[in-house]
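J.: One-letter residues, chain by chain:
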Amino acid sequence: MKKIDLSDLVCMFAAGVLLLMTVLSAVGTDRTAYKLWTGVLCALFCLIPILFRHAGVMTLPMALILMIEASIFVHAYGVLLMRYDDIVWYDTITHTISTVTIALLVFYSLMAVELFDKETHFTPRWIPLFIALIVMTFSIYWEVLELVVDTLSGINMQYSPWDTIRDMVCNSAAALIVTVSARFYLKRHTCEGFIEGLELHPSLKRFVSRSGKGGRPVPVDQAPGVPDSMDVSVPEGITGSKSSATRMMDYDPRK
Amino acid sequence: MNRRSLAILILAIAIAAMSAWKGDWDSLIVPVIGIAVVCAPMVATGDPNKGYDRHLMGIAIIPLVAFVLLIVAGQFVDFEYYYQVSLAIQACASMALGMMIAVFINARTELSLPRRWVVLFALTFACSISVLWTFSTIYWMASTGYPLYNGDFSNTLENDVVNMMLMLPMAVTAFTTILYAVIFNEYLKRVDSLELSQLCPGGEA
Numbered sequence: 001m002k003k004i005d006l007s008d009l010v011c012m013f014a015a016g017v018l019l020l021m022t023v024l025s026a027v028g029t030d031r032t033a034y035k036l037w038t039g040v041l042c043a044l045f046c047l048i049p050i051l052f053r054h055a056g057v058m059t060l061p062m063a064l065i066l067m068i069e070a071s072i073f074v075h076a077y078g079v080l081l082m083r084y085d086d087i088v089w090y091d092t093i094t095h096t097i098s099t100v101t102i103a104l105l106v107f108y109s110l111m112a113v114e115l116f117d118k119e120t121h122f123t124p125r126w127i128p129l130f131i132a133l134i135v136m137t138f139s140i141y142w143e144v145l146e147l148v149v150d151t152l153s154g155i156n157m158q159y160s161p162w163d164t165i166r167d168m169v170c171n172s173a174a175a176l177i178v179t180v181s182a183r184f185y186l187k188r189h190t191c192e193g194f195i196e197g198l199e200l201h202p203s204l205k206r207f208v209s210r211s212g213k214g215g216r217p218v219p220v221d222q223a224p225g226v227p228d229s230m231d232v233s234v235p236e237g238i239t240g241s242k243s244s245a246t247r248m249m250d251y252d253p254r255k
Numbered sequence: 256m257n258r259r260s261l262a263i264l265i266l267a268i269a270i271a272a273m274s275a276w277k278g279d280w281d282s283l284i285v286p287v288i289g290i291a292v293v294c295a296p297m298v299a300t301g302d303p304n305k306g307y308d309r310h311l312m313g314i315a316i317i318p319l320v321a322f323v324l325l326i327v328a329g330q331f332v333d334f335e336y337y338y339q340v341s342l343a344i345q346a347c348a349s350m351a352l353g354m355m356i357a358v359f360i361n362a363r364t365e366l367s368l369p370r371r372w373v374v375l376f377a378l379t380f381a382c383s384i385s386v387l388w389t390f391s392t393i394y395w396m397a398s399t400g401y402p403l404y405n406g407d408f409s410n411t412l413e414n415d416v417v418n419m420m421l422m423l424p425m426a427v428t429a430f431t432t433i434l435y436a437v438i439f440n441e442y443l444k445r446v447d448s449l450e451l452s453q454l455c456p457g458g459e460a
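Quick mapping for you: the protein sequence lines, in order, are chains V and E.
Here this note's numbering is used: position 171 in the first sequence is 171, and no number is missing along the way.
Here this note's numbering is used: position 107 in the second sequence is 362, and no number is missing along the way.
Same shape as in the complex, but just chain E:
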């Protein structure tokens, strides 16, 4: 297995283990997708060295490392914006993994996507993942007794606070993914379009 794929796998497994240990089941979504995305080319081709373009895998490693550091730091420091930062990092990781999914589909089917569509696919993929977090949040709010229905609210302020709690995953993802899309699109301009759309032997293209 190539080094970058191995790094993503180790980081994803570490995040999954730490999330499970903390009981933070929402944070399991990204590492599980990460493991599946990295293993997909190997399973599909039967070649354990098959991976993605090294620029693409480099992009995926950064948020995963940042997430590990954030989880570890969160154990020692009481960080006010921990949840918001964790959402922003997970959105970045989702986008990177989304680009890999687009490349995998590109390489294995008749689908043909240029760079801008790979980035757009990743953006929509990350936003769709945030919907899962939102549904998970409403379940948590319902099970912990938060007011949820129109009739539960006596004033607008209470309504705003609870709405913000629910909307935070989608709001953070919506704003940050636009920024990431611009950055990734610029960064990937230096990668040859053909190489980007292929599964690379050893992930070293």
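Same shape as in the complex, but just chain V:
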């Protein structure tokens, strides 16, 4: 069992405050099932990083945990206290924060693919382009989902065309922020160093490497005490034009 650290405390604090607000809403006069469910579900989602860490799935970096908690908290706060209706620009803030969070998740996922999938090599120069395109596609799917829900259920998630366009502009701006940040980050850091810190579960590494679908088998932890060749730095003497990821894949620690 891992020790409770600062990131766990942040998650528990956010979940606790949201549950308290939900209880206060439940005893208040303006309670609705939508509000209460939003409060409870968001509080549970706040705990996911703790679950991931203690179940050994992965250890999310503090910056991402803060963004995840902020995204969920700001949304739930807006629903429970009617901020979406009372403050004109509240939706703008939630969209921007949420898109930054999603863009970070995309960035981290691309770095994992870059490291573990031998067939795929994005290079630091092109990863930002993929972040921008994938996040824009996510934001389109989100707006289309809102349209479908409005059409099928008769509720009003999309207030007006102006509201939709403002959402798209916020999403684009947030994608741009992370894209530019990723470019600068990759100038000074490597994917290997970052992914190592995530402490990914071996089955997750296998999934990303697609070794079960005809790709090259990727060495992962087989038993306690057996070193993972993914985590072994590249030995001296291996040089050439191949990517660092390819070099790591080629390295056999038994040699």
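Please keep in mind that the hints were generated in silico from the structure rather than gathered at the bench.
Treat the hints with caution; some may be incorrect.
Taking CB as the label site, the calculated pair distances span [what the hints assert, rightly or not]: (1) E/440 <-> V/190: 29 to 39 Å; (2) V/189 <-> E/444: 33 to 43 Å; (3) V/123 <-> E/444: 20 to 30 Å.
A short list of chain E residues far from chain V (calculated; beta carbon distances all over 10 Å) [said to hold, decoys possible]: (4) 272; (5) 323; (6) 399; (7) 407; (8) 425; (9) 434.
Over 12 Å on every C-beta distance to chain E, these chain V residues come out as not near it, computed from the model [what the hints assert, rightly or not]: (10) 145; (11) 196; (12) 198.
Even for Gly, the Cβ is constructed at its ideal location relative to N, Cα and C.
Fit chain E to the supplied structure of chain V, relying on the hints for placement.
T.: Quick look at chain E alone, frame taken from chain V:
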């Protein structure tokens, strides 16, 4: 210049000319990208015969031919779903051109993408193009006096109708590109991954 590249160029120029003649400036985006994508290998390598894999260029020719036929048919027949069909065809063309862009980047840089990532790149590229159509639509709606702001709406029905007008390019593209991605991914499985990722002499690989 190889035959398939020439066919794409002629079709793209024809679509651009017809779109300009009709004043449909949104439809200029795809043919302009098509011309740039087909010319890119020739310009980059200095070899006028350089093109893409013939399967890939075959995929691009189909929606361009369909678009030409649709524009011509639209001149004679009043077709209720003309705009929706035109968006679906343009999304298909955008995806095909997106795959070519991915292959071009693959061939000319250190980037290395397998088939599934080429298709995913194309999907995201097509979706991003639809955002341009959406921004163009909001400009058109604003300039023609449609209600746009939250305070402009007195009832939900009006809101839904105007929202649907704005969202149509993104909605059609989002749904159709998923279908195209599945089809293209299956179709391109018969192409050798290495050949797909190269610029082909004469486009006949």
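J.: Now tell me if each hint is right for this structure.
T.: Going down the list of hints, with the structure as the test:
no., hint, in the structure
1, E/440 <-> V/190: 29 to 39 Å, "holds (31 Å)"
2, V/189 <-> E/444: 33 to 43 Å, "holds (36 Å)"
3, V/123 <-> E/444: 20 to 30 Å, "holds (26 Å)"
4, 272, "holds (30 Å)"
5, 323, "holds (27 Å)"
6, 399, "holds (12 Å)"
7, 407, "violated (7 Å)"
8, 425, "violated (5 Å)"
9, 434, "holds (14 Å)"
10, 145, "violated (9 Å)"
11, 196, "holds (22 Å)"
12, 198, "holds (21 Å)"
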